[in-house]
Amino acid sequence: MSFVAAATTPTAYITAFAAFQQGGGLGVGAKVFVPAGTGGVGLAVVHVAQSLGFEAW
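In terms of the numbering used here, the sequence shown opens at residue 59 and continues consecutively.
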């Protein structure tokens, strides 16, 4: 794997995690709608939401 590919790998997950940290107001078990859950950032949002205890739709 090239350095460039390795450097950009966590970008989607950092973006998703930052969105939940800055969004605030969600409690464990909250439902989160992800309209593009099959793309790069969308899939990361689903994974991060589930790891934080949210229900991703």
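By construction, these hints were calculated from the structure, which means they are not laboratory data.
Built from N, CA and C at the ideal position, the CB exists for glycine as well.
One or more of the hints may lead you astray.
Computed spacing ranges between beta-carbons, pair by pair [unchecked claim]:
#: 1; residue 1: Q80; residue 2: Q108; range: 29 to 39 Å
#: 2; residue 1: G83; residue 2: V62; range: 18 to 28 Å
#: 3; residue 1: G83; residue 2: M59; range: 19 to 29 Å
#: 4; residue 1: T96; residue 2: A65; range: 15 to 25 Å
#: 5; residue 1: T67; residue 2: Q108; range: 16 to 26 Å
#: 6; residue 1: W115; residue 2: G82; range: 34 to 44 Å
#: 7; residue 1: A63; residue 2: P93; range: 23 to 33 Å
#: 8; residue 1: V62; residue 2: G85; range: 37 to 47 Å
#: 9; residue 1: V62; residue 2: F91; range: 12 to 22 Å
To see whether the hints hold, each was checked on the structure:
no. : hint                   : result
1   : Q80 x Q108: 29 to 39 Å : violated (19 Å)
2   : G83 x V62: 18 to 28 Å  : violated (36 Å)
3   : G83 x M59: 19 to 29 Å  : violated (38 Å)
4   : T96 x A65: 15 to 25 Å  : holds (24 Å)
5   : T67 x Q108: 16 to 26 Å : holds (19 Å)
6   : W115 x G82: 34 to 44 Å : violated (19 Å)
7   : A63 x P93: 23 to 33 Å  : holds (27 Å)
8   : V62 x G85: 37 to 47 Å  : holds (39 Å)
9   : V62 x F91: 12 to 22 Å  : violated (33 Å)
Hints 1, 2, 3, 6, 9 from the list above are not met by this structure, while the remaining hints are.
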